[in-house]
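Asker: Protein sequences appear in the order of chains E and S.
Take the first sequence: its letters are residues 5 to 347, numbered as in my numbering.
Take the second sequence: its letters are residues 1255 to 1649, numbered as in my numbering.
Just to be clear, a hint being listed does not mean it is correct.
Some, not all, of what chain S presents toward chain E, calculated at C-beta under 10 Å [claimed, not checked]: (1) 1325; (2) 1358; (3) 1371; (4) 1381; (5) 1384; (6) 1388; (7) 1395; (8) 1397; (9) 1497; (10) 1533; (11) 1540; (12) 1587; (13) 1590; (14) 1606; (15) 1611; (16) 1614.
Mimicking DSSO-like on lysine-lysine, the simulated pairs with C-alpha atoms at most 27 Å apart in a straight line are [claimed, not checked]: (17) S:1569 <-> S:1600; (18) S:1600 <-> E:128; (19) S:1261 <-> S:1569; (20) E:59 <-> E:154; (21) E:154 <-> S:1569; (22) S:1261 <-> S:1600; (23) E:154 <-> S:1635; (24) E:132 <-> E:239; (25) E:59 <-> S:1600; (26) S:1483 <-> E:132; (27) E:59 <-> E:128.
Simulated from the structure, these hints should not be mistaken for lab results.
Beta carbons are placed, not taken as given, at the ideal position from N, Cα and C, and that holds for glycine.
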Amino acid sequence: MDAILLQLLNGLDKGSAYALIALGLTLIFGTLGVVNFAHGAIFMIGAFCAVTLSKLFNMSHKATEPTGTDFLGNPKFDDILYVVDWFGEDAGAWMVDWAVPLAILFAVPIMLAVGFIMERGLIKHFYKRPHADQILVTFGLAIVLQEVIKYFYGANPIPTPAPEAFRGSFDFGVLLGFDPNAVIYPYWRLIYFAFSALIIGGVFAFLQFTTFGMVVRAGMADRETVGLLGINIDKRFTIMFGIAAAVAGLAGVMYAPINSPNYHMGMDFLVLSFVVVVVGGMGSLPGAVLAGFLLGILESFASMNEIKNILPGIDQIIIYLVAIIILLTRPRGLMGRKGVMED
Amino acid sequence: MLALTKKDLSLLLVVAVITLAAPIILNPFPSGSGMSQFNAGYPDLMQRFVIYGIFAIGFNILFGLTGYLSFGHAAFLGVGSYSAVWMFKLLSLNVIPAIMLSVVVAGLFSVLIGYVSLRRSGIYFSILTLAFAQMSFNLAYSVLTPLTNGETGLQLSLNDPRILDGASAATYPNLFGAQMNDSTTIALGNWSFTFSVGYYLCAILLLLAFYISIRIFRSPFGMMLRAVKSNQQRMNYTGLNTRPYTLAAFVISGMYAGLAGGLLASMDPLAGADRMQWTASGEVVLMTILGGAGTLLGPVLGAGFIKYFENIFSKINEGVLQAWFAFMPDGLQDFFVAIIYPFVGKGWHLTLGLMFMLVVIFLPGGLVEGGQRIGRMFRRKSRSETPDGKTTPAE
C-alpha cells in the first residue's frame, strides 16, 4: 500500500511537467492549428531562465579582506556578491537562496516575448503550409535554440538548487498512519505539483471565465465566423501563443531544481509531450492534462521492482506502448474532438 | 537500356561516374596545401556519404512519394547494424550474408511496424513511428542487452564462433578475402588518391539502390504512391485500398535503411544503440528535405551535403579561423573570428539548423529546386531574346 502511494506521488511531478508542456502544445495546436516541435526548446529556455537568474545573483567582485594576510603574506581576497552590496547582507543571501522561485517573475515576460517573436516572426507564415512543413521548420528552430543555449551555457548540466527551506524531504506516510520513512517525498516536488495545478487551473479559469477566453474558445471552435463578427482573432491567438510559451517556460523554471538543466532537456521532454498530446487527443485541453498525469503515474508504477520482475524493461517503454494501444483503439485519443486532424 | 528513358539513363550514368570517380573528384586540393582540409576524398568520409545516401534514398521512397513523414527510420538502420554484426560473430566475416541478413531483418521489422503505424496518417503516423523507434532504442539499451550489449555496443571478439571461417581467415569484414579497410593509395605529384575496397562496395550498392529507386519512381506502383500523397481520400472513394501500396513503400524504405545499417556495420564492425535514437531519424529527414523530397537526386545530394559539412565545419577551430582572417587588421580579424566562431567547430549543428530552416521556409523543394530555379532563370533570359518566347493565354 505504501509503495503504491509512493509511486503515485512520484508520478505526480513528472506528470505535472508532461501536463504543463502538453497543455501549451495543445493551446497552440487548438488555436493556431500549428504543430510546434519547438515547444520542448521553450521549456528548456524556461529552465535556463532560472539558471541565468541564479548566475546573475551569484556574480561577485573581489575585495581585500581587512583582517589580514594569508601565510605567504599576500593580502586575502573575499568574493563579495553584488546583490549583497546592493541590497544588504540578509536580503542578498535571501535572493541567492530563492533564485529559482524569483526566476518565475523574471521568466514570465521573457517567455511571453519569446512566444510573440516566434509566432509573429516565423510561425505566422506557416499557417497555410502542410503540417509536415510546420513540423520541419519548428524542428529546425528547436535545433537552433538548443545550440544557442549550448553555446552560451556549455553542454554540461548546471545544478540549480531549490531554496534551503524546501530542500529536505517530507515524511508523507506518517500523516496517513504508515511507518516513518515509508513514504518520503521531497518538498520541492510537492511544490512543483501544487504550482502546476495552480497554473493549469489558472489557464482553464482564464479560458472559461474571461471575455478574452470566451473569444478564444469561440475562435478555436470556428475561426472564420469569429473573424466575420469583426473580432481580430489573429491578435488573440498570438497572445495565446505567448501564454502557451509562458506555461512551458514556467514548467521549465520550476523543473530546474529537480533535474539540472542541460541544453537537450527540451528534446527529451518534447517527444514524450507529443505522445501525451496525441494520447489525450489533439486539440483537447482537459485531455492533455489528464494524459500527462496518467502517463507520468503509469511510468512511475512501471518502474516498481515488483512489476519490473514480471515484465523486464517495461518502465522504458510503457509510455510508448500505451500511446500505441490508445492510438490504435481510440483513434482520436482519450478526449479528442471530432474533426481535428482527421485527414 | 536497363529499361530507362534517355533522361533517366543519363542521370544514372552521371551519378555512376561521380560515385566511381569520387576518390579523385573529392580530392581537388594537393595534400599538404592549406586547402587540403576541404578534401573529402578519404574512405571513411566517402563511405558515410554513400551509406547515408542509400538511407536517404530509401526514406525518400516513403516520404517523397507517399508524403508519410516517418520519425522512426533510424530504428531500421540500427536493426540492420545489429543483425550484420551478429552475422559476423556467428557465421562468417564475409559481408554478403551479413548484408543480406540485415536487409531481411529490417524488412521484417518494418512489416511489423508499418502494419500497425500505417493505420493512421498525418501527424499520428509520425508519432506512432517515433514511439516505435524510441521503444526499440530504449529496449536495446536495457532489456535486450544480451542481444545488443547495451551501452558498450555490439563488437566482434576473438572467441566468436564464426562457423564458416577457417582459422586462417581474415579478421576484418571482407568480401571473399578483400578486406573492407584495404586500400591502395596512388600518388600523382602532390595529390594522393585513396581507393578503398569498402568504398567501392558501398558505391556499387548505392548505384543499385539508385537504379531501383528510379524504376520505382517511373513505375505504375510509384504513380500509385504519388496518388496517395496528392489525395488519399479520393483513392479510397474510388474503391481502392491504398494500404498495401503504402505498406510496400514503407517496407522498401525500411529495407534500404537496413542495407545502410548493414553497410555501416561492415565498414566498422560495431553497432551501438545510439544509431536508433530519434535524433538519428531526424537526421535522415533533414537530409531528404535539404536535398529535395520527392526528387531522385535530392536525397543523395542532401546526405552528401550534410555529411560533408558536418565533417569539414566541425574541423574548423579558432586557430584555423585566425589564419583565414590574418590578412585583415587585428581588430577586424578578431571581430570576424568572433562572429563566425559560434557557427563552426562544435557549433556546426547551429549552422545546420539555420540552413534547414531557411530551406524549409524559402525553398520547400530543397537544393534540387534551388538548382532548377537557377537553371530556369538562365533559360528564361535566353528565351526572352528570341521573339517567340511569349506565352499565349490559356483560353
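Asker: Are the hints correct? Go through all of them and say.
Answerer: Going through the hints against the structure:
1. A distance limit of 10 Å between C-beta atoms decides the matter here; for residue 1325 (chain S) the minimum to chain E is near 9 Å, and the interface restraint holds.
2. For residue 1358 (chain S), the interface hint is violated, the least distance from its beta-carbon to any beta-carbon of chain E being 24 Å, above 10 Å.
3. A cut of 10 Å between beta carbons decides the hint on residue 1371 (chain S): the least distance to chain E is about 9 Å, and the hint holds.
4. For residue 1381 (chain S), the shortest C-beta to C-beta distance to chain E is roughly 5 Å, which falls under 10 Å, so the interface hint holds.
5. A cut of 10 Å between beta carbons decides the hint on residue 1384 (chain S): the least distance to chain E is about 6 Å, and the hint holds.
6. Using the Cβ-Cβ criterion of 10 Å, the hint placing residue 1388 (chain S) at the interface with chain E is satisfied: the shortest such distance is roughly 6 Å.
7. Here the hint on residue 1395 (chain S) is kept, as its CB sits about 7 Å from the closest CB of chain E, short of 10 Å.
8. Satisfaction of the interface hint for residue 1397 (chain S) is found here, the shortest Cβ-Cβ separation to chain E being roughly 3 Å, below the 10 Å cut-off.
9. Nearest Cβ of chain E to the Cβ of residue 1497 (chain S): about 14 Å, over the 10 Å cut. The hint is violated.
10. The closest approach between the C-beta of residue 1533 (chain S) and any C-beta of chain E is roughly 7 Å, which is under the 10 Å cut-off, so the hint is satisfied.
11. The beta carbon of residue 1540 (chain S) comes within 8 Å of a beta carbon in chain E, closer than 10 Å, and the hint placing it at the interface holds.
12. Here the hint on residue 1587 (chain S) is broken, as its CB sits about 21 Å from the closest CB of chain E, past 10 Å.
13. The closest approach between the C-beta of residue 1590 (chain S) and any C-beta of chain E is roughly 17 Å, which is over the 10 Å cut-off, so the hint fails.
14. At its closest, the beta carbon of residue 1606 (chain S) sits 7 Å from a beta carbon of chain E; the interface hint therefore holds under the 10 Å criterion.
15. Nearest Cβ of chain E to the Cβ of residue 1611 (chain S): about 4 Å, under the 10 Å cut. The hint holds.
16. For residue 1614 (chain S), the interface hint holds, the least distance from its beta-carbon to any beta-carbon of chain E being 4 Å, beneath 10 Å.
17. Taking the CA atoms of residue 1569 (chain S) and residue 1600 (chain S), the gap is near 9 Å; set against the 27 Å cutoff, the hint holds.
18. With a CA separation close to 31 Å, the supplied pair residue 1600 (chain S) and residue 128 (chain E) exceeds the 27 Å bound.
19. Straight-line distance between C-alpha atoms of residue 1261 (chain S) and residue 1569 (chain S) comes to about 39 Å, which puts the hinted pair past the 27 Å bound.
20. Between residue 59 (chain E) and residue 154 (chain E) the alpha-carbon distance is near 16 Å, which keeps this suggested pair within the 27 Å criterion.
21. For the hint pairing residue 154 (chain E) with residue 1569 (chain S), the CA-to-CA distance comes to about 18 Å; that is within 27 Å, so the pair holds.
22. Proposed proximity of residue 1261 (chain S) and residue 1600 (chain S) is contradicted: the alpha carbons are some 42 Å apart, above 27 Å.
23. With a C-alpha separation of about 46 Å, the suggested pair residue 154 (chain E) and residue 1635 (chain S) falls outside the 27 Å cut-off, and the hint is violated.
24. Annotation: proposed proximity of residue 132 (chain E) to residue 239 (chain E) holds, straight-line Cα distance about 17 Å (limit 27 Å).
25. At most 27 Å may separate the alpha-carbon atoms for a hinted pair to count; residue 59 (chain E) and residue 1600 (chain S) meet this at roughly 24 Å.
26. Using a Cα cut-off of 27 Å, the hinted pair residue 1483 (chain S) and residue 132 (chain E) holds, with the two alpha carbons roughly 17 Å apart.
27. For the given pair, residue 59 (chain E) sits about 34 Å from residue 128 (chain E) by alpha-carbon distance, which is inconsistent with the 27 Å threshold.
Violated hints for the displayed structure, listed by number in ascending order: 2, 9, 12, 13, 18, 19, 22, 23, 27.
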